[in-house]
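Protein chains: 2
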Amino acid sequence: MPYQLHYWPGIPGRGEFVRLALEAAGADYVDVARGEGGVAAMQRFMTDPALARPPFACPFLVDGKRVIGQTAAILLYLGPRLQLVPASEADRLWVHQIQLTLADLVTEVHDLHHPIGSGLYYEDQKPEALRRAGDFRANRLPKFLNWCEAVLARNRGNGEREVPRMVGGRLTYADLSLFQVVDGLLYALPKAMKRVLRKTPLVAALHAGVPRQRRLAAYLASERRLPFNEQGIFRRYPELDG
Amino acid sequence: MPYQLHYWPGIPGRGEFVRLALEAAGADYVDVARGEGGVAAMQRFMTDPALARPPFACPFLVDGKRVIGQTAAILLYLGPRLQLVPASEADRLWVHQIQLTLADLVTEVHDLHHPIGSGLYYEDQKPEALRRAGDFRANRLPKFLNWCEAVLARNRGNGEREVPRMVGGRLTYADLSLFQVVDGLLYALPKAMKRVLRKTPLVAALHAGVPRQRRLAAYLASERRLPFNEQGIFRRYPELDG
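So the sequences go chain by chain: U and B. Using the numbering used here, the first residue of the first sequence is number 6, and each one after it goes up by one. Using the numbering used here, the first residue of the second sequence is number 6, and each one after it goes up by one.
Fair warning: there could be bad hints in the mix.
Any copy will do: because identical chains look the same in the list, a pair fits if it lies in one copy or spans two.
[To be verified] Below are the DSS-like pairs computed for lysine-lysine, each with C-alpha atoms no more than 27 Å apart in a straight line:
#: 1; residue 1: Lys199; residue 2: Lys70
#: 2; residue 1: Lys196; residue 2: Lys70
#: 3; residue 1: Lys199; residue 2: Lys148
#: 4; residue 1: Lys204; residue 2: Lys70
#: 5; residue 1: Lys70; residue 2: Lys131
#: 6; residue 1: Lys148; residue 2: Lys70
#: 7; residue 1: Lys204; residue 2: Lys131
#: 8; residue 1: Lys148; residue 2: Lys131
#: 9; residue 1: Lys148; residue 2: Lys196
#: 10; residue 1: Lys131; residue 2: Lys196
#: 11; residue 1: Lys204; residue 2: Lys148
#: 12; residue 1: Lys199; residue 2: Lys131
Since the hints were made in silico from the structure, they are not lab data.
Go ahead and model the full structure; you've got the sequences and the hints to work with.
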């Protein structure tokens, strides 16, 4: 039975981290809310009072009787099944720790344009967004990317490889997620991001190299890959860049 | 060898979620930055360029050669070792999913007083904090607590027990973490929180019942339990409550 991924159909958002893992592994899956039933099918599932373990929000994954919410928990579940993690418990936990740190960064990127409330429009929190974005560009963005650079530099599995890996010598979901975060930030804050990437060459090399994997290349060129836009997490508002 | 917990010594913060698990299980641990070496010992460890897998931030746990950052990842690691999770993979992932959802709530509680930047003082982002807190009290706080209430109501392991559990019939780290979040919110936003708890009686019962566990009761009465204060995540600024 194919995996069911449930997520908003119009944005890459957090669902894309799961989609990249499924696509990179060539897994059989259905993108439920992008199908005939649309968002209604997803919401019917989530709000069913008979659901013993309801997810707080999407994305969530359905695998037979299993329903799993929280992007990082979904990837923890899929990692071994899709062969996107190393074999040892220690390495798997380290991949997960990296994912959780990237998830923190994604939350901060969301709050760039929603510093006051996720239920309000950007236009209704623009002065606050301008202030928050300044702090993010000056402090948080370099801090997160410098940490990723250190992780790549200290990964003994990399040796002399052209495309570095976050953990060990093979592709993991941590690589896919870092690719996606960098890709989103290059869309949202191109000026700030290019400046940071000049100082984090291993992160830049990972971002350039990950899409060359055969299945990912096909996916990224397909219509299944949703473009970034101003309804998602990574939004291009030029006034927040600089 | 005792576990080493590394966290800021003056606040409960995110370290307290780990501490509660260690204390509830009666585990042997050292609270490094509260010892002789202080914060300097923690920072020396974190910033050591020889550390192959550096945590992005504290808390982090050292267990022999293992160094684990991210609160939820630490609890994922400790859960089976401290017997604070059920036996099955599905149940363990559900406990983790709950932890990740509570972690999202904790981030939002932090951003109540730091909506613009974590490096700035509260006093320098007070108008933004007032706006964000209004949205949080009206929308986010009830949404998170209602979800916790549904999780408790749908847990078939509860039967007729007086103190409900989040997962199955025995204490897990999800129970400890929900206790801590409710405790912190009752400190930070007593008015708003009491209003929400009247509509989430199972959450209230869990919060009242968890501290009766023998080891936790001893811990909570000890000097090891740090009080909430205005340097931490859960801060009492009356202007943010209502």
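These are the hints, each one checked on the structure:
In the homo-oligomer, the alpha carbons of lysine 199 and lysine 70 never lie at most 27 Å apart, since the shortest distance is 44 Å inside one protomer and 36 Å across protomers. Proximity of lysine 196 and lysine 70 under a CA criterion of 27 Å is satisfied in neither setting, with 45 Å inside one chain copy and 40 Å between copies. Proximity of lysine 199 and lysine 148 under a CA criterion of 27 Å is satisfied intra-copy only: 15 Å inside one chain copy versus 38 Å between copies. In the homo-oligomer, the alpha carbons of lysine 204 and lysine 70 never lie at most 27 Å apart, since the shortest distance is 46 Å inside one protomer and 30 Å across protomers.
With identical chains, the CA atoms of lysine 70 and lysine 131 are never at most 27 Å apart, being 43 Å at best within one copy and 47 Å at best between copies. In this assembly of identical chains, the alpha carbons of lysine 148 and lysine 70 lie at most 27 Å apart only when taken from different copies (25 Å versus 40 Å within one copy). Proximity of lysine 204 and lysine 131 under a CA criterion of 27 Å is satisfied in neither setting, with 30 Å inside one chain copy and 34 Å between copies. Taking CA atoms no more than 27 Å apart as the test, lysine 148 paired with lysine 131 passes in both settings, with 24 Å inside one copy and 25 Å between copies.
Taking the shortest alpha-carbon separations for lysine 148 and lysine 196, only the intra-copy value of 17 Å comes in at or below 27 Å, while the best inter-copy value is 37 Å. Taking CA atoms no more than 27 Å apart as the test, lysine 131 paired with lysine 196 passes inside one copy only; the shortest distance there is 19 Å, against 29 Å between copies. Taking the shortest alpha-carbon separations for lysine 204 and lysine 148, only the intra-copy value of 12 Å comes in at or below 27 Å, while the best inter-copy value is 41 Å. Proximity of lysine 199 and lysine 131 under a CA criterion of 27 Å is satisfied intra-copy only: 24 Å inside one chain copy versus 32 Å between copies.
In this structure, the earlier hints numbered 1, 2, 4, 5, 7 are contradicted, and the remaining ones agree with it.
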